[in-house]
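Line by line, the protein sequences are chains A and B. Counting from 1195, one number per residue, gives the positions in the first sequence under my numbering. Counting from 887, one number per residue, gives the positions in the second sequence under my numbering.
Simulated from the structure, these hints should not be mistaken for laboratory data. One should not assume that every hint holds.
Unchecked claim - When the alpha-carbon atoms are kept at most 16 Å apart in a straight line, the in silico EDC-like pairs for lysine to aspartate or glutamate are as follows:
| no. | chain 1 | residue 1 | chain 2 | residue 2 |
| --- | --- | --- | --- | --- |
| 1 | B | Lys985 | A | Asp1220 |
| 2 | B | Lys954 | B | Asp970 |
| 3 | A | Lys1265 | A | Asp1220 |
| 4 | A | Lys1203 | B | Glu928 |
| 5 | B | Lys985 | A | Glu1253 |
| 6 | A | Lys1296 | B | Asp910 |
| 7 | B | Lys985 | B | Asp970 |
| 8 | B | Lys891 | A | Glu1253 |
Keep in mind that this is a model prediction, so the values were computed, not measured.
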Amino acid sequence: NAGVTQTPKFQVLKTGQSMTLQCAQDMNHNSMYWYRQDPGMGLRLIYYSASEGTTDKGEVPNGYNVSRLNKREFSLRLESAAPSQTSVYFCASSEISGVNEKLFFGSGTQLSVL
Amino acid sequence: DQQVKQNSPSLSVQEGRISILNCDYTNSMFDYFLWYKKYPAEGPTFLISISSIKDKNEDGRFTVFLNKSAKHLSLHIVPSQPGDSAVYFCAASAVGTYKYIFGTGTRLKVLA
Chain A
1195 NAGVTQTPKF QVLKTGQSMT LQCAQDMNHN SMYWYRQDPG MGLRLIYYSA SEGTTDKGEV
1255 PNGYNVSRLN KREFSLRLES AAPSQTSVYF CASSEISGVN EKLFFGSGTQ LSVL
Chain B
887 DQQVKQNSPS LSVQEGRISI LNCDYTNSMF DYFLWYKKYP AEGPTFLISI SSIKDKNEDG
947 RFTVFLNKSA KHLSLHIVPS QPGDSAVYFC AASAVGTYKY IFGTGTRLKV LA
């Protein structure tokens, strides 16, 4: 049972380059999330998708776009990468059935922007 | 504006003793709280949660206490083990928002 799978695990970009981080979950969850983790800042919500077909901004959405491709997949795109986007990115999913639920996280993507 | 705060960046505890990790929140709409544990190079994993209708939830060595009037929750680990050494994040959510807001984390080191 894979759970939440993120690709790639590591990526180095030059300033101005673009890339897409991929995330897929096999738990049939309705909601999916993108977080970034920075030293001293904890986990900050970038974007989330409460259900297929919807996306909403989180705490730090600037410089990012997302696509909820289908129920399984939620991608995060950096159109023009900046050094400030150097971070570890985590994708997560949750059932959200109207009752309190927990998040399941992927193993992360370490991104460096030079 | 940090809605969920973990004011202690690190904590060291002797093996076998109690570890107490604290978390404060500012948004009175939060009604569900979670604790996550994170090892290096891994994603966070769920530890324990509590709904605002309760003031305590226990799971084995882990107990979470919620003080709604003080907007404060704490995680107690008894007894602490070296394998508990990790970064612990608290998170909060308000019903219907589908958003989970995390704190900055506390690095726990359990000394053998």
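Consistency of the hints with the structure:
{"no.": "1", "hint": "B:Lys985 <-> A:Asp1220", "verdict": "21 Å, violated"}
{"no.": "2", "hint": "B:Lys954 <-> B:Asp970", "verdict": "27 Å, violated"}
{"no.": "3", "hint": "A:Lys1265 <-> A:Asp1220", "verdict": "9 Å, holds"}
{"no.": "4", "hint": "A:Lys1203 <-> B:Glu928", "verdict": "11 Å, holds"}
{"no.": "5", "hint": "B:Lys985 <-> A:Glu1253", "verdict": "10 Å, holds"}
{"no.": "6", "hint": "A:Lys1296 <-> B:Asp910", "verdict": "19 Å, violated"}
{"no.": "7", "hint": "B:Lys985 <-> B:Asp970", "verdict": "27 Å, violated"}
{"no.": "8", "hint": "B:Lys891 <-> A:Glu1253", "verdict": "15 Å, holds"}
Going down the numbered hints, you'll see the structure goes against 1, 2, 6, 7, while the others check out.
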